[in-house]
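Participant: So the sequence shown is numbered by this note's numbering: it starts at 1 and just counts up by one.
Any given hint could be a false lead.
[Said to hold, decoys possible] With a cut-off of at most 25 Å between alpha-carbon atoms, the simulated DMTMM-like pairs for lysine to aspartate or glutamate come out as follows: (1) K176 <-> E132; (2) K118 <-> E132; (3) K122 <-> D204; (4) K122 <-> E97; (5) K118 <-> E199; (6) K176 <-> D226; (7) K11 <-> D106; (8) K118 <-> D188; (9) K223 <-> E240; (10) K118 <-> E85; (11) K11 <-> E240; (12) K214 <-> D241; (13) K122 <-> D216; (14) K176 <-> E247; (15) K34 <-> D204; (16) K34 <-> E247; (17) K214 <-> D188; (18) K176 <-> E240; (19) K118 <-> E104; (20) K223 <-> D140; (21) K176 <-> E85; (22) K34 <-> D70; (23) K34 <-> D216; (24) K214 <-> E24; (25) K11 <-> E111; (26) K176 <-> E199; (27) K122 <-> D106; (28) K118 <-> D106.
[Stated by the list, open to error] The following label-pair restraints were derived from C-beta to C-beta distances: (29) K34 <-> H69: 34 to 42 Å; (30) E152 <-> A31: 22 to 30 Å; (31) S77 <-> G120: 13 to 21 Å; (32) P45 <-> E136: 38 to 46 Å; (33) S21 <-> D140: 35 to 43 Å.
Everything labelled a hint here was simulated from the structure, so no lab data went into it.
Computed from a prediction, not measured in an experiment: that's the story for all the values here.
Glycine included, C-beta positions come from ideal geometry on N, C-alpha and C.
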Amino acid sequence: MRRKLVVANRKMYGSIPSNQSFFEGVLTGTAGMKDAGCAICVPHPYLFQAQSILSGTPISWGGQNMSRHDCGAYTGSVSPVMLREFGCEYVIIGHSERRARGHETDQSCGERFDAAIKAGLKPILCIGETLEEYQEGITDLVTVRQLNAVIEQVGIERLSLGVLAYEPVWAIGTGKAATPAHVAAILDFLRGHVALLNEQVANDIQILYGGSVKPDNIAQLLKVPDLDGGLIGGASLVTEDFVRICEAANEAG
Numbered sequence: 001m002r003r004k005l006v007v008a009n010r011k012m013y014g015s016i017p018s019n020q021s022f023f024e025g026v027l028t029g030t031a032g033m034k035d036a037g038c039a040i041c042v043p044h045p046y047l048f049q050a051q052s053i054l055s056g057t058p059i060s061w062g063g064q065n066m067s068r069h070d071c072g073a074y075t076g077s078v079s080p081v082m083l084r085e086f087g088c089e090y091v092i093i094g095h096s097e098r099r100a101r102g103h104e105t106d107q108s109c110g111e112r113f114d115a116a117i118k119a120g121l122k123p124i125l126c127i128g129e130t131l132e133e134y135q136e137g138i139t140d141l142v143t144v145r146q147l148n149a150v151i152e153q154v155g156i157e158r159l160s161l162g163v164l165a166y167e168p169v170w171a172i173g174t175g176k177a178a179t180p181a182h183v184a185a186i187l188d189f190l191r192g193h194v195a196l197l198n199e200q201v202a203n204d205i206q207i208l209y210g211g212s213v214k215p216d217n218i219a220q221l222l223k224v225p226d227l228d229g230g231l232i233g234g235a236s237l238v239t240e241d242f243v244r245i246c247e248a249a250n251e252a253g
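Generate coordinates for the entire structure from the input sequences, incorporating the hints supplied.
Facilitator: This is the structure we're talking about:
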């Protein structure tokens with residue numbers, strides 16, 4: 001049975017004092033949680049702090065992006081090897097904010113997914129449609145294209161070494177989450193697509209939802225049969241909200 005997972009994407013927020021408060025608050029609030037996992041993805045400068053505070057605890061941590069290269073003349077980039085040195089278990093790949101502002105492509109996401117796996121990281125692959133694509137009714141086409149780009153790069157068996165996160169772009173930071181019915185339909189489609197290639201991988205791979213997830217809607221979302229947790233943005237900036245989401249995942253697990 002797949003275990004529930006809640007991942008905080010803290011984006012470009014934080015400071016040393018506020019991070020410490022958040023880490024310690026999550027540790028206290030999730031103490032004894034056995035039926036769901038929790039991870040926190042922070043800006044790269046704070047990975048050392050995450051490692052210092054979270055080492056030896058049930059909470060994992062990770063980066064928000066990475067290069068496909070282990071080293072080289074790539075000013076401003078961070079390699080998968082560097083993330084591993086700071087104890088990262090996870091790394092977010094292909095977030096819509098990176099695809100839009102960082103000009104990342106389906107192909108480059110596949111390459112970085114592959115590099116993450118080779119480095120011993122668990123890539124969290126973000127896929128999702130824009131508002132225009134949603135209104136055109138091509139959510140299936142967009143998400144399967146993004147997913148296939150990774151499968152073509154790493155193969156279907158190695159896809160299970162990562163995590164999928166369905167994040168409709170129109171729901172991120174807007175306060176308007178996708179309905180459970182919409183999430184159920186697209187996750188059923190995505191898991192079904194993977195099952196056509198490898199049924200075991202389809203059964204094993206965790207699929208998260210992200211996009212305006214809050215304490216007051218997480219319980220309904222977690223009733224979706226194919227949903228295994230959440231990739232949490234705005235609500236991860238408030239310790240109490242994030243802990244409540246983790247508690248809901250633990251109860252659903």
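Participant: Each hint: holds or not?
Facilitator: Evaluated hints:
1. As the CA atoms of K176 and E132 are separated by approximately 15 Å, the hinted pair is consistent with the 25 Å bound.
2. About 35 Å separates the Cα atoms of K118 and E132, which puts this hinted pair outside 25 Å; it is violated.
3. The straight-line distance between the Cα atoms of K122 and D204 is roughly 14 Å, inside the 25 Å bound, and the hint therefore holds.
4. Simply put, K122 and E97 have alpha-carbon atoms about 20 Å apart, close enough for the 25 Å limit, and the pair holds.
5. Straight-line distance between C-alpha atoms of K118 and E199 comes to about 23 Å, which keeps the hinted pair within the 25 Å bound.
6. Straight-line distance between C-alpha atoms of K176 and D226 comes to about 21 Å, which keeps the hinted pair within the 25 Å bound.
7. For the given pair, K11 sits about 21 Å from D106 by alpha-carbon distance, which is consistent with the 25 Å threshold.
8. Between K118 and D188, the direct Cα distance comes to roughly 29 Å. Violation of the 25 Å bound is thereby established for this hinted pair.
9. The suggested pairing of K223 with E240 holds, with an alpha-carbon distance near 22 Å, which does not exceed 25 Å.
10. Proximity of K118 to E85 is assessed by CA-CA distance (about 14 Å); at most 25 Å being required, the pair is judged to hold.
11. Between K11 and E240 the CA atoms are separated by roughly 18 Å; this keeps the pair inside 25 Å, and the hint holds.
12. Under the criterion of a C-alpha separation no larger than 25 Å, the hint pairing K214 with D241 is consistent with the structure, at around 7 Å.
13. Pair hint K122 plus D216 does not hold up; C-alpha atoms about 29 Å apart against a cutoff of 25 Å.
14. Between K176 and E247 the CA atoms are separated by roughly 22 Å; this keeps the pair inside 25 Å, and the hint holds.
15. With a C-alpha separation of about 19 Å, the suggested pair K34 and D204 falls inside the 25 Å cut-off, and the hint holds.
16. Taking the CA atoms of K34 and E247, the gap is near 10 Å; set against the 25 Å cutoff, the hint holds.
17. The straight-line distance between the Cα atoms of K214 and D188 is roughly 22 Å, inside the 25 Å bound, and the hint therefore holds.
18. For the suggested pair K176 and E240, the alpha carbons sit about 20 Å apart, so the restraint of at most 25 Å is met.
19. Of the pairs offered as hints, the one joining K118 and E104 holds, with about 20 Å between alpha carbons and a cut-off of 25 Å not exceeded.
20. Between K223 and D140 the CA atoms are separated by roughly 21 Å; this keeps the pair inside 25 Å, and the hint holds.
21. Distance restraint check for K176 and E85: the Cα-Cα separation of roughly 37 Å exceeds the 25 Å cut-off, and the hinted pair is therefore not satisfied.
22. For the hint pairing K34 with D70, the CA-to-CA distance comes to about 35 Å; that exceeds 25 Å, so the pair is violated.
23. Restraint check for K34 and D216: the C-alpha separation of about 22 Å stays at or below 25 Å, so the hint holds.
24. With a C-alpha separation of about 21 Å, the suggested pair K214 and E24 falls inside the 25 Å cut-off, and the hint holds.
25. For a cut-off of 25 Å, the pair hint linking K11 to E111 stands: about 22 Å separates their Cα positions.
26. Under the criterion of a C-alpha separation no larger than 25 Å, the hint pairing K176 with E199 is inconsistent with the structure, at around 33 Å.
27. With a C-alpha separation of about 18 Å, the suggested pairing of K122 with D106 holds against the 25 Å cut-off.
28. With a CA separation close to 19 Å, the supplied pair K118 and D106 stays within the 25 Å bound.
29. A hinted range of 34 to 42 Å for the beta carbons of K34 and H69 is consistent with their spacing of about 38 Å.
30. Range check, E152 to A31: Cβ separation about 42 Å, and the 22 to 30 Å hint is violated.
31. One distance hint, 13 to 21 Å for the beta-carbon pair S77 and G120, holds here, with the actual separation near 19 Å.
32. Against the hinted window of 38 to 46 Å, the Cβ-Cβ separation of P45 and E136 comes to about 40 Å, which satisfies the hint.
33. Against the hinted window of 35 to 43 Å, the Cβ-Cβ separation of S21 and D140 comes to about 42 Å, which satisfies the hint.
This entry does not satisfy hints 2, 8, 13, 21, 22, 26 and 30, going by the numbered hints stated previously.
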